[in-house]
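Novice: Chains as they are written, first to last, in my numbering: chain A, 1 to 166; chain B, 1 to 477.
In short, the hints are calculated from the structure, not lab data. The reader is advised that the hints may include incorrect statements.
These stretches of chain B come out as covered by chain A in the derived footprint (C-beta under 8 Å, 3 or more residues) [said to hold, decoys possible]: (1) 167-181; (2) 281-292; (3) 335-345; (4) 397-406.
From a predicted model like this one, the values you see are computed outputs, not experimental measurements. Virtual Cβ for every residue (Gly too), placed ideally from N, Cα, C.
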Amino acid sequence: MSGWRISGGPGAVRAEAVVRVDHAAGTVTVEMGPTKRVFGMVRSGDGWVLSEGTTRTRVVAVAGERETEVVVDGRRRVVAVAAPGAKAPPPIVTPPMPAVVSRLLVDDGAEVKEGQGLVTVTAMKMELTLRAPRAGMARVRVAVGDRVMPGDVLVDVIVATDGSRP
Amino acid sequence: MTRTLLIANRGEIAVRIARTARELGLRTIAVYSDADATALHVATCDDAVRIGPPSPSASYLNVPALLAAAKATGAHLIHPGYGFLSENADFADAVEAAGIEWVGPTGASMRALGSKLGARAVATSLGIPVLPSARPGESFANVGFPLLIKASGGGGGRGMRRVDDASGVDEAVEAARAEALAAFGDDTVYAERLLLSPRHIEVQVFGDGEGGVSVLSERDCSIQRRHQKLIEEAPCAFLGDLRGVLHERARALAASVRYRSAGTVEFLWDGQEAWFLEMNTRLQVEHPVTEMVLGLDLVAAQLQRRLPAESEPQGHAIECRVVAEDPAAGFLPAPGRLGVVRWPRGPGVRVDEGVRESGGPGASAGDVVPPDYDALIAKIIVHAPTREAARQRMLRALEDTVVTGVPTTIERLIDTLRDGAFIAQNHSTGTLADVVAGDVDPALVLAAAALATASPRAEVGGGGPAAGPWQTVGRWA
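Take these sequences, add in the hints, and give me the full structure.
Specialist: Next comes the structure, spelled out in C-alpha cells:
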C-alpha cells in the first residue's frame, strides 16, 4: 500500500492505493482497499483517454519534481506521496504568494499578541495583513519595499519559555 | 496612409484590441514592462516598446514612458484598455494635447463621471437613486453598518473594505487609502451602505460625443468574489419593466455629459430598487457578452468613432473569467509559470486570452503570470439561443479547458454554473460563497498521475532496458 495526498480540490484527501501501469496491455490498475479498478488507456494529445466499461474520460497529467498535476474535466488536482507521520510545519509569518512588503505594523523587539497585525504585503494590487501566529516578541526580518516569497520569514515571533526575554 | 495604434495595456485586453485593430488595417504597437517582454500581447502586435521595470507605477502607469513610446512609433491613436490609465483624465488630456487621438471619453467627462463621488453627484442631479453615503469625518449614522469603504477613483473591486462596526472604520480607511493610492494614484475614499445580497446589473452605453447615446443592452455580473466579477451574462430578461427604466437612466447619465465612446453604468438591484453604483468610463472586461448578443464589435466602434445602432439582443451570452488564483485559499492570486494550456473550441465559443497555449516538444517554456498585475489569464465567452443552452455550452467549454502550473478559477466556475441558485437565476453577489464544491474520482486522478510518472519508455522506444511490462508506481517524490 502506498499513501497519496490529493489536493487542489475542496480539501486535501489522503488515499491508500497501489497503482500499476501496464504499457503493453494499455491498462492502469488502481487498487484501493478491496476495490480494484482497471482503466484502459490511450495517449491523446497532451494527455490520455481513460476508459472503464463504456465510460471514457480525458485526463491531462504533468509530472513535477515533488508532485504531479492532474486535470480531469476542468478539475485540477495535485498528487504527492503522503509522508507518513509528517508533522505540520510550525506557524510562520510568510506571504502566501510572491509579494512586496508595503508596511511594517510593529517595531523590531515589540511584544505582540496572537492575531496582531505584523506586516502588510502587496501583490497584484491587493494588500494583505500577516498576523502573529502566537504571542511573543517580534523580530522583524524585512524592510518596506523588499520582494518576498512564500516560505520567507518576514517576522519571527519568539516565545520566551523561561519568562526572560530571549 | 496606415494609421498607428498604441495599446497602453497588457494581457488579454491588449491582445483583444490588437485583433480588431489589425482587422481594421491599423498598425499596432504594444508596450511592455520587463515582466512581459515575451508576453502574448507583445507577440500579437506589429511593433513593441519597452516602458519600464515590472512595477505598474514604473511601466503601465508611467505616463512619460507611454507618451515617449507613442511619439517614437508615430502613434495616431492610443487605446488604454481597462484598468491602469484607462480612467485617468489627466492622461487622456495629455494624449490629446500631444496631438494623438484618445480612444475613449474626453478627460472632462471622465472627471465628471469617472470618480465615484462625482458620478453620484451627477446621478442625484438627474433624479437617479443612489445608496446613502458619507465621507471620512462625517457622521455614518444614515449609512449604517455594515458599510463599504470605497476608493472614489477605484475600480475592478480594488480599494474596497467591508466594515461591520464603528471600531473597524479607521483600519479600513487606512488600508483602502493605501491600496487606492498604489493602484489609482488617488487616495480619496468614502463610506457607502452595503447591500448584503444584491444583483449587480449594468448597462452598456456608447456616445457620439455630441449628446447622441446608444443604449446597448445590459449585463448581469452578480457572481463575484472580493467585489470582482467572475461570471457575466447578457441580457437580463428577468428584470421585466425595470430593464427599460435602467436603460433610460443610463442614457440620461451619458447624455448629460455628452459622453463619447464606450461606457458602462452600474446598478445594484435589491429586488425592488436599482441603485446607481458608478459609471465606468472605459471598455469593460465583460464587454464580449454584449458583443455576442448584439452582433457588434465595441472596439471597432471605438476605434472608428462610429455610434452602433440600438437593437434587441439575440440569444444569450455568458462570460467566465479564468484567473490564476486559488479558490481554496480565499481566491488569493497564484502567479507562476503555466504548464499545459488548452483553450476550448467549437460553435458559439470565443476565447479572449492573454497567454499562449502550450506547445509540443521543442516549444518555449510556458507563459508566466507575473505577480505584479491582475491575474486574469483568459475570458471564455459562449453564445447560444437560450440561457440554458448557453449554460450547458459554457460547462462543456470549461470542461475542455486545461490549465496546469497554477491553480485557477475554472473548477469554481463549473461548480457555480451547476449551482441551483444560478440555474434558477436567483443568484446574488453572495452566491459564490455558498456554491457547493464538486469533486473528482480519486481513482481516475491516481491513474492519470501514474501515467505521467511511469515513464512511457516502453511506449515510445519499444521497451528500454529498465522498462518491464509492469511498473509498480511506488513513489515519485
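Novice: Evaluate each hint against the coordinates.
Specialist: Results for each hint:
Counting residues of the stretch 167-181 of chain B whose CB falls under 8 Å from any CB of chain A gives 3; the rule of at least 3 is met. Coverage of the stretch 281-292 of chain B by chain A is violated. Counting CB-CB distances below 8 Å, 0 residues qualify, and the rule asks for three or more. Counting residues of the stretch 335-345 of chain B whose beta carbon lies closer than 8 Å to any beta carbon of chain A gives 4, which reaches the threshold of three, so the coverage claim holds. A stretch counts as covered by a chain when three or more of its residues have a beta carbon under 8 Å from one of that chain; for the stretch 397-406 of chain B and chain A the count is 8, and the coverage holds.
The structure shown violates just one earlier hint, number 2.
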